[in-house]
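Whole structure, please, built from the sequences with the hints as guidance.
Number of protein chains: 2
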Amino acid sequence: MKRIYYYDAQVMRDFVKDYFIHFGVPEEDARIAADVLVEADLRGVDSHGVIRMYSYYGSRLAAGLVDPTTPMRILYESPVSLALDAGAGLGQVAGYRGMQRCIEKARESGMAAVTVRNSNHFGIAGYYAMMALPHDLIGISLTNSQPLIAPSHSRAALLGTNPIAVAVPAGKERPYVLDMATSIVPIGRITVFQKAEKKVPPGWGIDSRGCVTENPEEILNGGALLPLGGTDLMRGYKGYGLSLLVDLLSGVLSGAAFGAHVGESNDQPANVGHFFAALRVDLFRPIEEFKQDMDRYIQELKQAPLAEGEDRIYIHGEKEFEKRLSYEKDGFPLMEPVVEMMKDAARQAGVPFSPLPLRVEEVNS
Amino acid sequence: MKRIYYYDAQVMRDFVKDYFIHFGVPEEDARIAADVLVEADLRGVDSHGVIRMYSYYGSRLAAGLVDPTTPMRILYESPVSLALDAGAGLGQVAGYRGMQRCIEKARESGMAAVTVRNSNHFGIAGYYAMMALPHDLIGISLTNSQPLIAPSHSRAALLGTNPIAVAVPAGKERPYVLDMATSIVPIGRITVFQKAEKKVPPGWGIDSRGCVTENPEEILNGGALLPLGGTDLMRGYKGYGLSLLVDLLSGVLSGAAFGAHVGESNDQPANVGHFFAALRVDLFRPIEEFKQDMDRYIQELKQAPLAEGEDRIYIHGEKEFEKRLSYEKDGFPLMEPVVEMMKDAARQAGVPFSPLPLRVEEVNS
Chain A
58 MKRIYYYDAQ
68 VMRDFVKDYF
78 IHFGVPEEDA
88 RIAADVLVEA
98 DLRGVDSHGV
108 IRMYSYYGSR
118 LAAGLVDPTT
128 PMRILYESPV
138 SLALDAGAGL
148 GQVAGYRGMQ
158 RCIEKARESG
168 MAAVTVRNSN
178 HFGIAGYYAM
188 MALPHDLIGI
198 SLTNSQPLIA
208 PSHSRAALLG
218 TNPIAVAVPA
228 GKERPYVLDM
238 ATSIVPIGRI
248 TVFQKAEKKV
258 PPGWGIDSRG
268 CVTENPEEIL
278 NGGALLPLGG
288 TDLMRGYKGY
298 GLSLLVDLLS
308 GVLSGAAFGA
318 HVGESNDQPA
328 NVGHFFAALR
338 VDLFRPIEEF
348 KQDMDRYIQE
358 LKQAPLAEGE
368 DRIYIHGEKE
378 FEKRLSYEKD
388 GFPLMEPVVE
398 MMKDAARQAG
408 VPFSPLPLRV
418 EEVNS
Chain B
58 MKRIYYYDAQ
68 VMRDFVKDYF
78 IHFGVPEEDA
88 RIAADVLVEA
98 DLRGVDSHGV
108 IRMYSYYGSR
118 LAAGLVDPTT
128 PMRILYESPV
138 SLALDAGAGL
148 GQVAGYRGMQ
158 RCIEKARESG
168 MAAVTVRNSN
178 HFGIAGYYAM
188 MALPHDLIGI
198 SLTNSQPLIA
208 PSHSRAALLG
218 TNPIAVAVPA
228 GKERPYVLDM
238 ATSIVPIGRI
248 TVFQKAEKKV
258 PPGWGIDSRG
268 CVTENPEEIL
278 NGGALLPLGG
288 TDLMRGYKGY
298 GLSLLVDLLS
308 GVLSGAAFGA
318 HVGESNDQPA
328 NVGHFFAALR
338 VDLFRPIEEF
348 KQDMDRYIQE
358 LKQAPLAEGE
368 DRIYIHGEKE
378 FEKRLSYEKD
388 GFPLMEPVVE
398 MMKDAARQAG
408 VPFSPLPLRV
418 EEVNS
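As they're listed, the protein sequences go chains A and B. Reading the first sequence from the start, the letters are residues 58 to 422 in our numbering. Reading the second sequence from the start, the letters are residues 58 to 422 in our numbering.
The reader is advised that the hints may include incorrect statements.
Which copy is meant is left open, because identical chains are indistinguishable; a pair holds if it fits in one copy or across any two.
To be verified - Taking lysine to aspartate or glutamate and the EDC-like style, the derived pairs with C-alpha atoms no more than 20 Å apart in a straight line are: (1) K59 / E254; (2) K348 / D193; (3) K255 / D289; (4) K376 / D289; (5) K359 / D289.
None of these hints come from the bench; they were simulated from the model.
Right under this line is the structure:
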């Protein structure tokens, strides 16, 4: 029997904010970091949600590896660009402020790009890309991350699962929101198979010799994830190219760590790098024309003939928007062990764990 | 027994230029179109090379579907952007001139983006992205194309193989040049298996019911290619998302045709759309620092531990640069049927087929 707790989003945001404030994070920054985490849960990306409050953030704040004040410094600036140093601060705060400045510049100059070095894990990449949408901008958000993917023909994990997030506004239809890791699956997916003592589909990962394996243990212990595409036969070098590209823009262009050096050591700042860009649609055609064509395209895709056994064609971001509607209204789910972990973290920090669940479900595991 | 002819690149460029001039293409434009085609052969991307001189270009010029003068018109302009209408002209000329203006604007303003509507097939996307390299710019080139890929859960070909090309300068090392279709393989690859009466690897394509098939006939007749990643299990919806993204930028943002409507009818202009962008590296950090890190990253990847059975790790573009070196020096190969087809096209147009091969090789087929 497993217990699932459903929480109100705002109640959980308030708690996570208080948790961050305890570590010396300024209130406004704590609000941002909490919002990014809870937003992941609301969108059904629970792997990047409050489950990481302690392991990715609290524990590193406590150890002094993350500067709670996120002292952002401008390295270079132009009307279309900004190169920032996040001073080993919170990734979410660096991401939010970086994208905010990017949007301001793009609104004024038509387009803009912002790099951030010396940052930390910033949560879901899609959060920042989506910040562009209310301004009728196309938003792009990239980040590097700790190495988990082997480049084609190698057996070593040298590239992060470096996500690509792009948000494009539509009219009556929901916007297009791509938010994808450049590996086939995240490492957490392999762990799920390991815990369930199940084989993984061939192609997701390799063992320590560089051979495709269905054994999750071998992928996790000395092996690596494969990039989108998988093996050479299925053109995995394209996914390798995309993962590398994200790192060239997030890591090398920003002057952050790159490749195997991202978060190299557990007792040093991770020196993660981000890249943000925003582009005014109305530079190229009137916004209403553009939105009409977006709507038409989305409708044509959704009305396309279905493959046998399928019941629906999705646009990127659609599933997440639907989840969010339901979770915002009726609460979002957390498994009991996650709630226990958050309670422990709260106890350790001396912050009361205030959220009461809206309801509890019991499911047969 | 098969014959392979090896030609000098410049001799072939001169012939293709003369061929285009015959159709009323101005000399400078003809030189550009010829250079893009021969460059594809030099880089080993022979599917996009002179093999297409007649089928993609000559035949459509002859039918009046491509305007030989490529009358480019500015729709909207800002210091960081340009929206162009190519007047149903040659895709290579539209691409070259679009990227040229993009580079000028990026050098001046720091970054720029250019859209082109009402264009035609422009050859290899990488050509235009690479134009940015001598200026220490990061170059991006995207285009949509006739529908061949089925979106995830559909059985209909609604998306082009819409390529992504990005070029990033390095120092002593060769630049990073990604130039990838967003399908797993191009349609021509399926035809190769069909001609050889061989099965294709499962996952490359689907039949008319939307089921994965190993039969190339079924993919080619009423079926479709799958996007990078392939099936849902291997996260093909990420490749679907990338293919769609390329079309949102190349087709929808430019105001060109999109999705199923690209090159919809054989007796109408194709209304292909392109998207170009360029970004100054030195907006974000000194160019020499950046190049040093690029070199270091490339070296680290190339020196990474090899997977069993592999002998080398490649950076994107590396194989093509090496081929180009050898083909530029010793001639590039064309199969006899391609040469025959070019001779036919020349005869039909009344243009002498001047190129003499540097050498002829006979191989057992």
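Checked hints:
no., hint, result
1, K59 / E254, "within (18 Å within a copy, 53 Å between copies)"
2, K348 / D193, "within (10 Å within a copy, 35 Å between copies)"
3, K255 / D289, "between (25 Å within a copy, 19 Å between copies)"
4, K376 / D289, "between (31 Å within a copy, 15 Å between copies)"
5, K359 / D289, "between (32 Å within a copy, 17 Å between copies)"
Checked against the numbered hints given earlier, this structure breaks none of them.
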